[in-house]
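**Student:** Spelled out, the chains give:
Protein chains: 2
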Amino acid sequence: MLDKLVNRPWKVLESKNILKIGPWLSVRGEHVQMPNGRVIDSWFTLEFPNWVSVIAETTDGRLVMIDQYRHGIGQTRYEIVAGVIDEGETPLHAAQRELLEETGFGGGEWSEFMVLSPNTSNHNNLSYTFLAKGVTLIQPQHQEATEDIHVHVADKEDVRELVMQGGVLQALHAAPLLKYFLMEAPSDSPCRGEAKG
Amino acid sequence: MLDKLVNRPWKVLESKNILKIGPWLSVRGEHVQMPNGRVIDSWFTLEFPNWVSVIAETTDGRLVMIDQYRHGIGQTRYEIVAGVIDEGETPLHAAQRELLEETGFGGGEWSEFMVLSPNTSNHNNLSYTFLAKGVTLIQPQHQEATEDIHVHVADKEDVRELVMQGGVLQALHAAPLLKYFLMEAPSDSPCRGEAKG
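One line per chain: the protein sequences are A and B, in this order.
Residue numbering for the first sequence follows my numbering, starting at -10 and increasing by one per position.
Residue numbering for the second sequence follows my numbering, starting at -10 and increasing by one per position.
In isolation and in its complexed conformation, chain A is listed as follows:
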């Protein structure tokens, strides 16, 4: 087993907000000191609310995927449902709300599946992925004016192939999907198990 790590935090000598544009972008600039005494004049951290995403399995064992255009990379790509946690909202509620709004799917059994950082170095927020088992289409998709989301209810094998071939570019979505498929994969061969017994 790998050792539990001892934290080696930097000391913040000075901190100020250097850019804030509505709810979209907030940048903190800091003057920090490392444990060895060395001072870093400027460290920039992007401040965001926490995010959520959902791996949603339908009652017939397929996965609810979406596609949308993403301007950062200038491409339309497959994704899982994701969004921002509103103020006062729990991660679970945000994930259920986003799935319902973006796809119309809901219900089922929900559990927290994975916690990730978009970038441990310069993002202060986390992304919570939920696994929803047994969802069904319960209402029409309800998109915001600036959303253009297409829904794909896809066979697991097709999603696995998509992810393995690089079709899900967004790291925050690729990681939970890969964990999901790894949990489904046999960890050892049953016949080798039998041979041992």
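Hints should not be assumed to be uniformly reliable.
Since the list gives no way to pick out one identical chain from another, each pair is judged satisfied if it fits inside one copy or across any two copies.
[To be verified] Cross-link-like lysine to any residue pairs, in silico, SDA-like; alpha carbons within 20 Å at most: (1) LYS0 x ARG66; (2) LYS(-7) x ALA143; (3) LYS(-7) x PRO24; (4) LYS(-7) x ASP56; (5) LYS9 x LEU126; (6) LYS(-7) x HIS60; (7) LYS122 x HIS141; (8) LYS9 x HIS20; (9) LYS0 x VAL28.
Quick caveat, the hints were computed from the structure, so don't treat them as lab data.
Take the given structure of chain A and dock chain B to it, following the hints.
**Tutor:** Quick look at chain B alone, frame taken from chain A:
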């Protein structure tokens, strides 16, 4: 198989740099139009150089992991080796340079393993992960003054357990490690295969 997606790009009506702090932070603000005609007044994109990371397997089949303090989340965490591609550098060269600098390991056979986006929505860059097989310790670690990196040469099973239990928080590192372990997992049981044959 999932359909190949048709791109639905936004049209950029106006674009300007709204923040640039040395090589660390560059923010582009744009006025864009969706294919349906709707205009989005402000879209912000973070501009970064491309990044690299490395899954490095030693000649005895262990994995070269590191830990370092990450100020975004305020925690010291396990990671794989990663860094920024310097101007004029190929992704492969950057990955080999980073592995050597951060750990002293080098050599072996290298192949491109995965391409990810830190955030398709608001980052313009990509992260290239390489798989290096058969690396060996060839020189002392050579850290930059602001780096405080500890090296761990760990058994694969321990790294797999670490990732599955959420010990690698950085999405850009968790995803390639999970893909690596999924590729190592048997995709079907050999004995079921024999029963079919």
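**Student:** Tell me, in ascending order, the numbers of any earlier hints that this structure violates.
**Tutor:** 5
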